[in-house]
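> Can you make the complete structure from the sequences, with help from the hints?
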Amino acid sequence: MFDKHQNMQQNCARTLSEGQLLDEITWFEGRLHEIGGGDCAYEKALARSYEQAVSSHRERLASLRCVNN
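In the numbering used here, the protein residues as written are 30 to 98.
Worth flagging that the hints you see were computed from the coordinates, not collected in a lab.
Wrong hints could be hidden among the right ones.
To be verified - Now the in silico label distances, taken between C-beta atoms and shown as ranges: (1) L75 x D52: 18 to 24 Å; (2) G66 x V96: 33 to 39 Å; (3) L75 x Q49: 20 to 26 Å.
Beta carbons: idealized from backbone N, C-alpha and C, even for Gly.
Laid out in structure tokens, this is it:
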């Protein structure tokens, strides 16, 4: 079930502007800085999730910039 939901989420990605992507990257990076390495399993899992989000947002930002140029 998780895989089905995950695939569905990737196919239904929302469209964000360059500014929105940059704002969200900044937010995630700020949270990552606050969490640091993470002291417990929850924080470590949250940090991995945020790192994945940052990576995904950077890829989307690069694609958006290629399309706009």
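> Does each hint fit the structure? Answer for all of them.
Now for the hints, and whether the structure bears them out:
1. L75 x D52: 18 to 24 Å: 19 Å, holds
2. G66 x V96: 33 to 39 Å: Holds, since G66 and V96 (Cβ atoms, about 36 Å apart) stay within the stated range.
3. L75 x Q49: 20 to 26 Å: Since the Cβ atoms of L75 and Q49 sit about 22 Å apart, the hinted range of 20 to 26 Å holds.
Every hint, counting from the list given before, is met by this structure.
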